[in-house]
Amino acid sequence: MARIPYARLDDDAVRPLAERITAERGSVLHLYQMLLHSPPVAQGWLGYLTAIRQQSSLPGALRELVIMRVALVNGAPYEADQHAPIARQEGVSQAKLDALERWEASTLFDATERAVLAYTDAMTRNVHVDDAVFAAVAQCFTPPLLVELTATIAAYNMVSRFLEALQIHSNDVRA
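Everything in the sequence shown is counted per this note's numbering, starting at 2 for the first residue and increasing by one.
One or more hints might be untrue.
[As the list claims (entries may be wrong)] Each pair of labels, with its calculated beta carbon distance range:
no., residue 1, residue 2, range
1, 30, 106, 31 to 37 Å
2, 26, 103, 39 to 45 Å
3, 131, 76, 21 to 27 Å
Quick caveat, the hints were computed from the structure, so don't treat them as lab data. All of these numbers come straight from a predicted model, not from anything done at the bench. Yeah, the Cβ is synthetic: ideal placement off N, Cα and C, and Gly gets one too.
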């Protein structure tokens with residue numbers, strides 16, 4: 002159960018943004034219902050994550066591998082629950098999702114995926130990225146895609162930290 006109650010979606014200050022989120026995403030997920038305690042933060046978050054997920058040129062399968070790896074490393078099950086179906090829709094096999102915990106030992110990931118996962122691990126675990134790890138990922142992408150990849154890793158680290166600090170989980174009851 003979340004550490005604080007979810008925002009009430011029928012509150013006058015929250016309703017317009019809750020309606021926009023529902024229109025854009027189909028429903029107000031737990032994450033947004035918590036963020037709606039601060040409509041300005043929720044609005045900024047929505048804009049940023051929409052840019053990352055829907056306006057980026059980064060291939061969807063790579064984006065979702067990054068998100069799933071961040072969720073795994075950070076112990077953020079809600080994030081993984083939300084993105085596993087999206088990863089499969091983007092073409093990530095269940096076998097790759099299952100192997101993601103020990104990706105270094107797996108033969109399922111190609112050279113680009115391995116470079117992306119090493120970069121994800123470095124950013125998530127250490128913040129600082131070794132030159133060799135960066136050089137490997139830089140060989141795979143143009144500067145705009147490197148920026149999008151880096152922003153995606155950073156954004157989903159933000160998401161998992163928010164989720165886990167407030168203990169937001171898929172089985173929580175909504176307000």
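Now for the hints, and whether the structure bears them out:
{"no.": "1", "hint": "30 <-> 106: 31 to 37 Å", "verdict": "holds (33 Å)"}
{"no.": "2", "hint": "26 <-> 103: 39 to 45 Å", "verdict": "violated (32 Å)"}
{"no.": "3", "hint": "131 <-> 76: 21 to 27 Å", "verdict": "holds (23 Å)"}
Taken one by one, the earlier hints fail for this structure only at number 2.
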